[in-house]
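Q: Sequence:
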Amino acid sequence: MSPRREGTGELTTRRVAWWLLAIVALGALVRGMYLLWPHLDSDIAVVGLMARHALNGEFYPLYWGNHYGGSLEPLIAAGVFALTGSGPRALNATAALISLSYLPLLYLLGKEIIGRRAGLVAAFLAALGPYMLVAYSVVARGLHVEMLPLGALLLWLTVRLIKAGPTAPGQAWALIAWGLTAGVGVWTSPLFIYFLPPTMFLLIYSAPRLVITPRFWLMALAALVGAAPLIYHNWLTGGGTLHYMEIPRPHSGFLNNLHFLLRHGLPAAVGATWFKKGWLLPGLGPALALAAGLSLAWALWRWGGDMYRRFSRNTGSSGGEVLLLTMGCVAYVYCAVGGADSGSFRYLLALYIVWPLVAALAWDSLRRRGGVLAGLGWLFLALVAVGSIWGTVAFSPLNHAEQRAASREMGPEQASLTRALQGLGIRYAYVVDYWMGMKGTFLADEQVIMLPFDHERHPPYKEALLRAPRYAVVMLGENNAKVTRQSLATVGASYREITVPPRWHVFYDFAPPSPKPALVATQAWSLREGMGLVLWDRDATTRLTWPQQPGTGPTIDLGGSVEGVCQVLIFPGRAQYLPKELKVLGSGDGQSWQELARAQPYLPFHWSGGHLSINRRAPWQEIRFAPTTLRYLRLEQSGKAKDIWALNEVMVGRHDGDGPPAPPVAAARQLAHTRPQGERIWAPPALRAWLPPEMRMGPATRHKPSWLPPYLYALELMPQGRPLSLAVEAEMAPATAKSLSRAGYEHSAQPLQGWVLFRATPGPLARPLYWSGILPLAVSRGPRN
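With the sequence shown counted from 1, adding 3 to any position gets you my numbering.
You may find that some hints are simply not true.
Said to hold, decoys possible - Calculated lysine to aspartate or glutamate pairs in the EDC-like style (CA-CA distance at most 20 Å, straight line): (1) Lys-280 - Asp-344; (2) Lys-583 - Glu-639; (3) Lys-643 - Glu-584; (4) Lys-583 - Asp-457.
Claimed, not checked - Cβ-Cβ distance ranges computed for the label pairs, FRET-style: (5) Ala-644 - Arg-488: 19 to 29 Å; (6) Met-248 - Gln-594: 54 to 64 Å; (7) Trp-381 - Lys-645: 51 to 61 Å; (8) Pro-200 - Ala-171: 16 to 26 Å; (9) Gly-426 - Ala-644: 23 to 33 Å; (10) Glu-500 - Ala-669: 25 to 35 Å.
It should be emphasised that the hints constitute simulated quantities derived from the structure, not laboratory data. Predicted, not measured: the structure shown is a model, and the values here were computed from it. We put the beta carbon where it would ideally sit given N, CA and C, even for glycine.
Model the full structure from these sequences, guided by the hints.
A: What follows is the structure, encoded as structure tokens:
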């Protein structure tokens, strides 16, 4: 006999419907406190931008810039925008609607395992909080809040199926729904793995012959349909999701993560503590933690009995084993992948399918026993409800003036900047960081595109900026503006600057210095320290390092006096290895030195096709100065910081006439007309932006091989063992030819109106090539063909 007894006074379906309607309304009211002052950052703004593009018929299978995280939330947001218009409140209301849809599903799950009253109580508690549930339910970050309705639906279907028997008549449609839900869940979030092993195991255990029935394969087909966008993305990217999962991440060990889960994660999840900052309220927090621990112990006992019945005689269970195994799987996966090491609690959001049911089970069990125990049950329910609503209100903008102020100030500040840029005829602008970029673009309704230097979520934005006749660099605050002036001076840029109240600084109308540089040949170069050809061997893996201390750095002997030296290009592998502050000194005799330039490479700019460019994944810092005759060049650290600075490559340019650099548009047109259709060409950003889409190299997606040094990015490795086409500025042609030869590639060169197209074919002992953003470099540590 099943351990569940609903008892007398059974609720009718009509009364349940009214109660559910009231609970959903309560949940909407609670979440509405947060929506009065909607939070917005760039992660949230990306969902809104994807929703706007969806309204225009553009479908993206995954969250921009990711190899995981489906676009279900942006698609739902597009529907909300179509009805209400777009904005931060409508965007976050999408997440709130998704979280509200999980409340009826939570009721169905609780009804199936415990009973109708317990299901309603579970939905009621989830409508109130805890604060962590509500806080994540009102921000449209994608990936997380969708797990609640999808996970609850999958668990409910599983309980129904194992009770009726998956192979029983009439269950085929339930299995198809299970498969579709599982597929959509996997597409939406990789953390949906929390639910798949326990539910799939119980389905097959309850009916082992299921796997040889046609309905099983219909279920599998439905799962493939649900996950089709994820499968499509991986087909386009050569397994991008799999490669992403292979990337090593910080992991302090399973036991450390388990300790964090028990010490901080679970108390915060039930609303007893403020994340890791102490008790919710003296007295209330400890009492709630104790009550939650006792109710969890009771749930383990009750649902452990369900598991025993399932595994001993495969019948007579109320379905509690589904929740028990799910809890275990959440804990195991969280600790195995290093969830605690991420520094975020959002990976525990799946627990809110289980915790309200744990509390409802404890209340229901005490209520059924009557007398004093029933009173304790109601006291327990009041404790959980009060703790949830207290934390939810205390964490809301109602009690945080800075949250209210930030919400109010978002629109006016951005509006003033948008008007100023539009008045200048500028639509595209670089900004200092990711957290300003996508947020600003969303608030400006894409009338202005704010592109972060360091995090390209949507490559078409960058390509449009590089094609724009006019663009800007936007900085917030005087300190950032000062750094920008120094960085622009380093590359010799001329520009205009205006200030836009209250705190914006806009730099625009950039032009490179008039001297056109040509690279100085490196055959006679040497280091005065006597080291070998490390800094100009066109090999990305060889490098020299120094401590970030004043006076450190190399002295290069150019082998003879060189007239008109006006440019130095340095490549450190990663931006973190740029010097804190660099002095460039020149000398004709090696005794008396003249300071030519001083650089603070916070923004490592370089010129590409006459366009200001920056790439923190392949950071070439260009330094320009007045043409000077010299033989010795010293690159000397004048700043001070922790760790080291490094040089993998150095190039030196001399004055080779005046005039503007060759624009990339003519070279791109020539390539489009002369090269075979669909031929993929590696090119610097300025040229790539003008190529037809079918000729652009797509984003690379590969894991980091063991032979690649840690100071290089696997994403920049070029395909090995096959012919390559690549185009570089004419200035870079000699260095490109040297790189290809060093890597064992035979090559030919074709001039392209100020650019050069190389066709490279790997020889029998060819090494990998590394795309450094402006030219390829050999990778001598890589495997030979």
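Q: Hint by hint, say whether it matches the structure.
A: Right, here's what the structure says about each hint:
Restraint check for Lys-280 and Asp-344: satisfied, since their Cα atoms lie roughly 17 Å apart, inside the 20 Å limit. A hinted pair counts as satisfied when its Cα atoms are at most 20 Å apart, and Lys-583 with Glu-639 qualifies at roughly 11 Å. About 8 Å separates the Cα atoms of Lys-643 and Glu-584, which keeps this hinted pair within 20 Å; it holds. Of the supplied pair hints, the one linking Lys-583 and Asp-457 holds, its CA atoms being roughly 18 Å apart against a limit of 20 Å.
A hinted range of 19 to 29 Å holds for the C-beta pair Ala-644 and Arg-488, which are about 21 Å apart. As the Cβ distance of Met-248 to Gln-594 is approximately 57 Å, the hint placing it in 54 to 64 Å holds. A hinted range of 51 to 61 Å for the beta carbons of Trp-381 and Lys-645 is consistent with their spacing of about 58 Å. Roughly 23 Å separates the CB atoms of Pro-200 and Ala-171, a value that falls within the hinted 16 to 26 Å.
A C-beta distance of roughly 40 Å is found between Gly-426 and Ala-644, which places it outside the suggested range of 23 to 33 Å. The hint said 25 to 35 Å for the Cβ distance between Glu-500 and Ala-669, and at roughly 31 Å that hint holds.
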